[in-house]
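Quick note, the sequences are listed as chains B and G, same order.
Note that the first sequence covers residues 155 to 264 in my numbering.
Note that the second sequence covers residues 170 to 282 in my numbering.
Honestly, the hints are just simulated from the structure, not real lab data.
One or more hints might be untrue.
Derived lysine to aspartate or glutamate pairs resembling DMTMM-like cross-links, with alpha carbons at most 25 Å apart [unchecked claim]: (1) B:Lys191 to G:Asp207; (2) B:Lys221 to G:Glu270; (3) G:Lys178 to B:Glu194; (4) B:Lys204 to G:Glu264; (5) B:Lys213 to G:Glu270; (6) G:Lys240 to G:Asp195; (7) G:Lys226 to G:Glu242; (8) G:Lys226 to B:Glu256; (9) B:Lys191 to B:Glu170.
Computed from a prediction, not measured in an experiment: that's the story for all the values here.
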Amino acid sequence: QQPVQSPQAVILREGEDAVINCSSSKALYSVHWYRQKHGEAPVFLMILLKGGEQKGHEKISASFNEKKQQSSLYLTASQLSYSGTYFCGTGRLSGSRLTFGEGTQLTVNP
Amino acid sequence: NAGVTQTPKFQVLKTGQSMTLQCAQDMNHNSMYWYRQDPGMGLRLIYYSASEGTTDKGEVPNGYNVSRLNKREFSLRLESAAPSQTSVYFCASSEGRLTYEQYFGPGTRLTVT
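Bound conformation, chain G alone (with noise of 0.2 Å):
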């Protein structure tokens, strides 16, 4: 049992490169969560998936795109990267909305230069 994996867990890209952060967890989750956390900063979110085929955007959307792809797995799309986006990534899962504990997975280290 795996639990939260996130892939990869360092990137650093160039200003105006694309990418996807991949998240996939084993728990069979209805749930999912993108966060970003800056430096002495708290979990700010960024999209979240409340099941399977839903996406709806949290604190945080501009410049990123998300794909529910089926229960198991969420993904994160910069389409162009800025330096204001470097920060940590966390993908989190949950059986449910808001009466059941989220599990993170290890985060992905992201530098745009």
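The shape of chain B in the complex, shown without the other chains (with noise of 0.2 Å):
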């Protein structure tokens, strides 16, 4: 079943910071966080694992919290760079790949 992205939209100044959250109905093994940028592929930004593991970006963080089945990506201190459409995946145990949200789209403005 499809992860839920809140919110669907955000406009930020520079050096602003954001917050785009990721839920799920079904218990979670794995969320993975990808960038998009227009016309380009999407990038690798962050895996979360169920029992706290946690590889990625050295400028952006994220959280996963188990019971919730929710995954927080936290955007400190915006950049004209992070401008592009945010994506999570999530992975159960029991199976073999991912499965995306429709996407969040963050705008940084000077």
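Make one complex out of these two single chains by using the hints.
Written out as structure tokens, the structure reads:
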């Protein structure tokens, strides 16, 4: 089942912070975060695993609440380069594949 | 190190025509995936191959077939194209399954008229 992302879109000024949420109705084993710029391929940002292991990006952080089946991506002191669409992909322990949300469009203005 | 490559980059087909999208990776990854992305939508999995020699259906497999030719290559075939298959197709690969990041190719923009 597709995870639900919120908000659908957000507009920031450079230097502001943002939080993007990803929620699932199913128990999760892993949550992936990707960023896609217009006309380009998605690029990996972060993986969060059940049990707390996290791999990812130096300037962007994330959390994974296993009980709530929810992950949040935190972008602090946003830069112009942060603009793009952010997707979460969720995986279940019994599965081999990710299911992606519909994305959150982030625009950072000067 | 080219990463994940896809050919062609653009393609226009008439309804009923067939074509094969090619994907290759040079990272010695075990798993490979085919996604489609429609305007304003997320990525939907068509087929995947968890390891060489295996393929499985994803969320939207109807109208497509795949072949994992070897560890490097994973092709997607449209036997009889339909306008509903107009989309951007991304191939991706990963070292393993859920605990490894996926690397995406540049995409193929397909239009079916």
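Here's how the hints hold up against the structure:
For the suggested pair Lys191 (chain B) and Asp207 (chain G), the alpha carbons sit about 15 Å apart, so the restraint of at most 25 Å is met. Between the alpha carbons of Lys221 (chain B) and Glu270 (chain G) the distance comes to roughly 23 Å, so the proposed pair stays at or under 25 Å and holds. Simply put, Lys178 (chain G) and Glu194 (chain B) have alpha-carbon atoms about 12 Å apart, close enough for the 25 Å limit, and the pair holds. Proximity of Lys204 (chain B) to Glu264 (chain G) is assessed by CA-CA distance (about 19 Å); at most 25 Å being required, the pair is judged to hold.
With a CA separation close to 18 Å, the supplied pair Lys213 (chain B) and Glu270 (chain G) stays within the 25 Å bound. The straight-line distance between the Cα atoms of Lys240 (chain G) and Asp195 (chain G) is roughly 9 Å, inside the 25 Å bound, and the hint therefore holds. For the hint pairing Lys226 (chain G) with Glu242 (chain G), the CA-to-CA distance comes to about 17 Å; that is within 25 Å, so the pair holds. With a CA separation close to 20 Å, the supplied pair Lys226 (chain G) and Glu256 (chain B) stays within the 25 Å bound.
For a cut-off of 25 Å, the pair hint linking Lys191 (chain B) to Glu170 (chain B) stands: about 19 Å separates their Cα positions.
The earlier numbered hints are all upheld by this structure, with none contradicted.
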